[in-house]
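In order, the protein sequences belong to chains G, E and A.
Counting from 1 along the first sequence, just add 178 to a position and that's the residue number in my numbering.
Counting from 1 along the second sequence, just add 700 to a position and that's the residue number in my numbering.
Counting from 1 along the third sequence, just add 33 to a position and that's the residue number in my numbering.
Each statement offered as a hint is correct.
Lysine-lysine pairs mimicking BS3-like chemistry, simulated, CA-CA at most 25 Å apart:
no.: 1; chain 1: E; residue 1: Lys720; chain 2: A; residue 2: Lys637
no.: 2; chain 1: E; residue 1: Lys721; chain 2: A; residue 2: Lys637
no.: 3; chain 1: E; residue 1: Lys869; chain 2: G; residue 2: Lys374
no.: 4; chain 1: E; residue 1: Lys782; chain 2: A; residue 2: Lys513
no.: 5; chain 1: E; residue 1: Lys869; chain 2: G; residue 2: Lys297
no.: 6; chain 1: E; residue 1: Lys876; chain 2: E; residue 2: Lys889
no.: 7; chain 1: G; residue 1: Lys297; chain 2: E; residue 2: Lys876
no.: 8; chain 1: E; residue 1: Lys780; chain 2: A; residue 2: Lys513
no.: 9; chain 1: A; residue 1: Lys538; chain 2: A; residue 2: Lys513
no.: 10; chain 1: A; residue 1: Lys694; chain 2: A; residue 2: Lys662
no.: 11; chain 1: E; residue 1: Lys707; chain 2: A; residue 2: Lys666
no.: 12; chain 1: E; residue 1: Lys903; chain 2: G; residue 2: Lys315
no.: 13; chain 1: A; residue 1: Lys266; chain 2: A; residue 2: Lys166
no.: 14; chain 1: E; residue 1: Lys782; chain 2: E; residue 2: Lys720
no.: 15; chain 1: G; residue 1: Lys400; chain 2: E; residue 2: Lys869
no.: 16; chain 1: G; residue 1: Lys374; chain 2: G; residue 2: Lys188
no.: 17; chain 1: G; residue 1: Lys318; chain 2: E; residue 2: Lys903
no.: 18; chain 1: E; residue 1: Lys707; chain 2: G; residue 2: Lys294
no.: 19; chain 1: A; residue 1: Lys506; chain 2: A; residue 2: Lys538
Reference excerpt, derived from the structure (chain G facing chain E, CB under 8 Å, subset only):
no.: 20; residue: Asp289
no.: 21; residue: Gly337
no.: 22; residue: Gln347
no.: 23; residue: Ser413
Keep in mind the hints are simulated off the structure, nothing from the lab.
Note that this is a predicted model, so its numbers are computed, not measured.
Positions of the beta carbon are idealized from the N, C-alpha and C atoms, including for glycine.
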Amino acid sequence: MAKPFRETLKTKRFVVTAEVGPVKGSSVSKAIEHIELLKDKVDALNVTDNQSSVMRYPSLGVCLLIKEHGGEPILQVTCRDRNRLAIQADLLFACSRGVNNILCLTGDSIDVGDHKEAKQVFDLDSVQLIHLVHTMKSGKDMAGNELDGGIDFCIGTTGTPSADPLEPQLIKVEKKLKAGVDFIQTQAVYELDDLKRFVEFIRKRDRKVKILGGIVPVIGAKMAAYMNENVPGISIPQRIIDELSQAPKGTGIAKGIEIAARMIRQMKEEKVCDGVHIMFIGREEKVPEILGAAGLL
Amino acid sequence: MIIAERKPMEEIKELVAPYKKVLVAGCGTCVTVCWAGGEKEVAILASQLRLARSAKGNGIVAIEATVERQCEREMVAEIKDKVAEADAVLSLACGSGVQTMAEMFEDKPVFPGVNTVFIGMPQGEGLWIEMCGGCGDCFLDRTGGVCPIVRCAKGLLNGPCGGTKRGGKCEIDPDKDCGWVLIYRRLEKQGRLDLMRNYYAPKNYRAVKRPGKIQAGKA
Amino acid sequence: MDRRIGVFLCNCGGAIKNIDFDIAAGKAAALPGVASVDLSSNLCLEEGREKMLSRIKEEHIEGVVVAACSPEFQEHIFRGVLKEAGLNEHLLAMANIREQCSWAHEGDVTEKAVELMEMAVRRARSLQPIEKKELPVNKEVLVVGGGFSAINVALQLSRIGLRTTLLQEEALLGIGAEESERFCCFDTDSMISAAEIDENIEILTSAQMTAVEGKVGDFRVVIRKGVEEIIRKYGAIVLAIGCQTRLASDFGPELRTGGGAIAGPNIVSQEQFCSMLVNPNLEKEPRTICLMFDFSDENSRFAAVATLNNALAAKKKWGSEIYVFYKNAKVDGQGMERLYREARNCGVVFVKTDASPRIAVENGRVGIEARDTFLGEDISLACDVLVAEELYLPGEGTGTLNLLLNVRRDSRGFLQDENVHLYPVGSERKGILFVGGCRGDSGIGSVLADISSVVMSVHELLSAGRIPVDVEKVRADPQKCVACLTCIRVCPHGAIHLTRTDNSKEVAGISDLACYACGICAAICPAKAIRFQGHRDEEIVTQLEAVGKALNGCHVAFCCERSAYPAADLAGRLRLHYPENLRIIRVPCAGQVDVFHILKAFEKGAAAVLVMGCEEGACHHITGNTRAKERVKYCDMLLKEIRVDGRRVAMFNLSPNAPHKFVGAVNEMIKTAKEPGR
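The shape of chain G in the complex, shown without the other chains:
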């Protein structure tokens, strides 16, 4: 059995989490492959919730698969697709099945996904969601009704160190901290200084919360430009785009892994943060290479 993530966070070691993207379809073999590959190499596995507003196998479903295969899942919950009733119901279910970690997110806009005409919900926002988890922990639902068995989650959330402007983003993060979170997995970081500034801000307000720097490897200059345009919360600096475009043909992935590993090493060696969260969207099988290159295996 994997160590509960809450326990891992209590230790002093450099925490490593990685993302597993659910499959598009009912066949889960690919997801299981990724789980098997990664479950013992990282401290916990995040499962995205209709990532980028693209409809997929549910986050909770993959979380249960991770449990079945002896891993430690982090259930990502966005506010985009479910109203407060649906979210509460899902949390009860997750808790009853031993999924004990939650990452509270706003969720990308419907406009970036594959069902652009869907009604977006956002009945709650991420701060309200964190409050909700605490409320339900106390044995009551949002409407104040008694629950027959509450919930208990190790609560995480996110933040964007490279938001422009940053100040409104920091106010939001401050509100999340006040609401009470155990860990923060940041959005992708490409400028270490951005992360340093971000961590410093948090440390002044909360000394206990664990901060995991977000890593999204980029494997080519074109992809970087595309991500800058289309992926919310991502700003890849020109410096990295230049480095990628100078890489010889066919070595894009290797270069991207090298850059990611370099960033992770810096984060660890300079003690910038408490760990890393690796999001290698659609290339989960390459995560061990990054871990290896970063000296985390």
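Let chain G serve as the given structure and place chains E and A on it in line with the hints.
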């Protein structure tokens, strides 16, 4: 003010295709101001319909009329003779106007010629932006007079999502301002950023019970 | 509509040969509303006019059609006849059967002439009278600025009896340092004292304009002086805020001290060089001097004149060795060529070089390296003093002033839109004028000319104390106006304001004084509330009803009376032929052409519609032709979406003296437009 925009021509042509005599009915209030359904747009659309149908050798009589407010029965009544003359009505008013027209002339097909899109204001010549979602539970006192319900793409209440880019633009459209950055800047200017630091509990999204109905208390 | 119309046909002393006037007269007589038809061969001469006058009276004519030459020539004469006959002069419609019919086509054109007459008769029946009135104006003038141009405008206006207020932000009147080199030959001190003692001039210093409302003859200006707020009324506003100078960016920061001034005595600005020239206690006269200009801004006449003047002065005073580095040296201003020759003849060496020279300061001397374009050789020399290139930029506050006054700036930020019709000193708003450096830098000769032009314009506007206007020629019907502000936003002349009717409804109010009657507002009004007399929907549509009756699938050209219409006339005079089935509707500006008018033309059977306006950047109403272009584009989309294929509607820009372009455009359009798919 209610903002609308004309429906695609293909859709309009299909709506009126079975009819010989169509009344194009404008409204002299919001939709005139937003260049969607005033007397000018009525004239243009009627002219287009005549040209389109005469090109197909399937003539149409497009009658034109514009009332001051199409959401008022008394005002719509002023054009009842023209309605009577027509086989169908193509209303260029907002949804309220179309429904008033439809309710008053129950035996007459009444079609919308515009899509009603939002409550908003002009930002420049021929440019309108959404300002209000009509949520029935106004939040503007806490946000420096910038509505997060419609000016934030996700209607968030506790600050921006993580997608703010390029000096305060929205993640879904680089041409649109992030509503929360606008709120931040306004409150910062007023020295009231504490308002933004406050936690706001989930909103009452049922403040207006559909269908909405208001009875003024005054006699 | 039962107005009695009198038709007056004129064969222009026999110059119109290919129209059978008897047939034409007979057909005209049969047109609805026509009460009398007269044939003449000299309608514009005294005899013809008298006959016209008596016929109008005898027949109790209530509306007149003159079928003769282009209205460009004699319209005013015929209006005079109507006036004399006691009719409103606006109840006249002309059929241009000479330039745009007889002379434009070969063979018999009687049928077309009859159709043009029918268009005119229909128009004459729907025209409405326009009252003329003289409106009183405030005769005081506000001059913003306190420099050379401002003081001189005030002094000259005083001489013709107009009172002015000189308003300036600085505490004292006077020539700014950046202007001194240009005006050194004038006795500016005596100008200032003259202004100070002039009873017609009020001097308000340390004060600034904070708000402006109203229009020509009646501007309400809020002036802030310290804590005090003064509200004053003026008939006109003259801006004379000058420009400012900055050293060209090629002089890097290492050569400057903190405040932007050049470090050391070796590299100086024109201004500093001037003070060296007049300094009687100069320690050492410079033996070698280099001057530079024209590298950063080759259109700066100020910089050129200052450089030439200073080079010449230094040569004469010290006999120094002088080199002037330049790129293109435009010397097209008044007296500049002479100045340039004089400098050369005195021994000033001019070095043409494509790139800004490299500069280094060593041992108290300035080293300069450049490539001489003519010799094709590198030149290297050292001088005692280098006079750096200066840039002339819009004065401080230009950006606030143009917003305050609702006037446009040019692409460099100076206070005058780049529109040829505004030159020399006008703005797009009547009664707001620019003079001197704020219009962009120009030589002293131009500044002096500007001052005269401003004084002349103000005199024309205000001296009589009254301005004649057409009453409500363009008017927003308060019953229909929904106060959407569209017209206020689009009016290029700032002539429309939100106002209140007697029963306090907010509506658009169009100032008769400030309005130029371009019709841009009428064409865009979404409520069709704006009525432009002479160009109302009724007047346009009724003409279209007559179009194409005689000829199938005709083409309609809406022609701006400032450009395309006279170009068409000229085509006729030059006998440049184009197809007979073109019908021209004269409009005051291409921006007046309504999308609805274009669609209506198609409804009435037009095969193609041409909208023809002034060349880009030369619209008399600034945005009229660009708006027309947008509307034509929109109209094309409206046609495409109802599957009316082909190139049916197009915009053409041309100048009034471009008859070949006119004929080319017409032929091109007629060739490419498909027959209507009906």
